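Chains as they are written, first to last, in the numbering used here: chain Z, 1 to 143; chain S, 1 to 143; chain E, 1 to 143.
Rather than coming from a laboratory, the hints here were simulated on the basis of the structure. All values derive from a computational prediction rather than experimental measurement. Beta carbons are placed, not taken as given, at the ideal position from N, Cα and C, and that holds for glycine. All the pointers check out, no bait thrown in.
Straight-line C-alpha distance at most 30 angstroms; calculated DSSO-like pairs for lysine-lysine:
#	chain 1	residue 1	chain 2	residue 2
1	S	6	Z	127
2	E	135	E	25
3	Z	3	E	54
4	Z	3	E	135
5	S	6	Z	6
6	Z	25	Z	135
7	E	25	E	54
8	E	25	S	127
9	E	3	S	135
10	Z	54	Z	127
11	Z	6	E	6
12	S	25	S	54
13	E	135	Z	6
14	E	25	E	6
15	S	3	Z	6
16	S	135	S	3
17	Z	127	Z	25
18	E	127	Z	25
19	Z	3	Z	25
20	Z	54	S	3
21	E	135	E	54
22	S	135	E	25
23	S	25	Z	135
24	Z	135	S	3
25	E	25	Z	6
26	S	25	E	6
27	S	127	S	25
28	E	6	S	6
29	E	3	Z	6
Non-contacting residues of chain Z with respect to chain S, defined by C-beta distances greater than 12 angstroms in every case (computed):
#	residue
30	2
31	23
32	29
33	31
34	67
Chain S is nowhere near these chain E residues, computed Cβ spacing over 10 angstroms in every case:
#	residue
35	17
36	51
37	61
38	86
39	133
40	134
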Amino acid sequence: MDKSRKGNLLIMRFSDGEDLLAVMKQALLDENIRSGIVLGGVGMVRNTGLSFYKGRGEYETVPVATESELCSLNGNVSRFEDDIIIHLHAVIGRPGGDALAGHLSAATVNMTAEVAVLVSQVELVRKEDPETGLKTLGFGQGG
Amino acid sequence: MDKSRKGNLLIMRFSDGEDLLAVMKQALLDENIRSGIVLGGVGMVRNTGLSFYKGRGEYETVPVATESELCSLNGNVSRFEDDIIIHLHAVIGRPGGDALAGHLSAATVNMTAEVAVLVSQVELVRKEDPETGLKTLGFGQGG
Amino acid sequence: MDKSRKGNLLIMRFSDGEDLLAVMKQALLDENIRSGIVLGGVGMVRNTGLSFYKGRGEYETVPVATESELCSLNGNVSRFEDDIIIHLHAVIGRPGGDALAGHLSAATVNMTAEVAVLVSQVELVRKEDPETGLKTLGFGQGG
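Required output: the full structure, derived from the provided sequences and hints.
Structure representation (structure tokens):
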């Protein structure tokens, strides 16, 4: 992963074989970014996990082992306790054109992927909701 | 719906059962935002309406009653006469992974949804085109 | 195509029959934008080409002749030698709701399309990788 930042814009270029979520998280920690909006992502992925919320903190995951185009990435970066959470939903395209979409729970970069993050001055903070098991998004005192 | 704004960035967190389009419109009016770019949206929706333009102001709508992941939200906020219009296209993921996409004409928030809007200094103004029935995007004198 | 720019935000409204990629490229050249992030795109397209990377610089393209909703546009603008490259991945919705996704290699605007680009202070520069045939994204000295 190679990255460059100017002001509130961080752009990352991932390399083949990288764990998209893990490497992106480390890049954000290195940049000390705890609140951000993912502006988009394009490239290719394999070993993708697309998850669907089933309630009470449980997800059902559809694994997509084969190479797919990463066509859309929406989501955000927020603080959770002493950690950060990258919350991403993705749309991927299969050879032939069929699109799959869901909560992105896993992805290995295939060849390359390019992701842009806007650093947010609105402070994003998650807290676990005991009723639903979701880590609900809220706003910090700076927000 | 809870929201926080800093400068030109507005972030909204919607709650279960809210009408996404109506509550978002009220939030934008409360913030006096009449021109904006929707940077993205993630969460879950139900009772979704995905519409396809058929010409002469008419849309054909595909209703999706069941719970789906909201995976992509693109679009903008503009002024139309004395009102504002939120123009959104969405991609949703069904359990199993299949993606549906279209003009978002309706959506009830399921559990939660998170949407980011960039306030635009380019003034966005729509005017109705009598020939097509479309409210065509244009730019104000400030733009 | 009509466009308006304020600071680092460029908004374009395309008209029926325009070649989305060619007209967008000319608009960016006219604005002297060589590095940018595509924040999103909505509207309708026809004669769409969705491509999938097969390795060694080769793509397999799925043509979609019929009118579709343009529901998501992710990607970026970068410099390549003396030229610029617009790298876009799109999600389109067919009547009935089915979504297709891929690298956007062609699209004719149907009725209208609206695209927003954030000018990037991070300098984006591509260089051809002789091994993969990909024009890999990198960052300029200004980045």
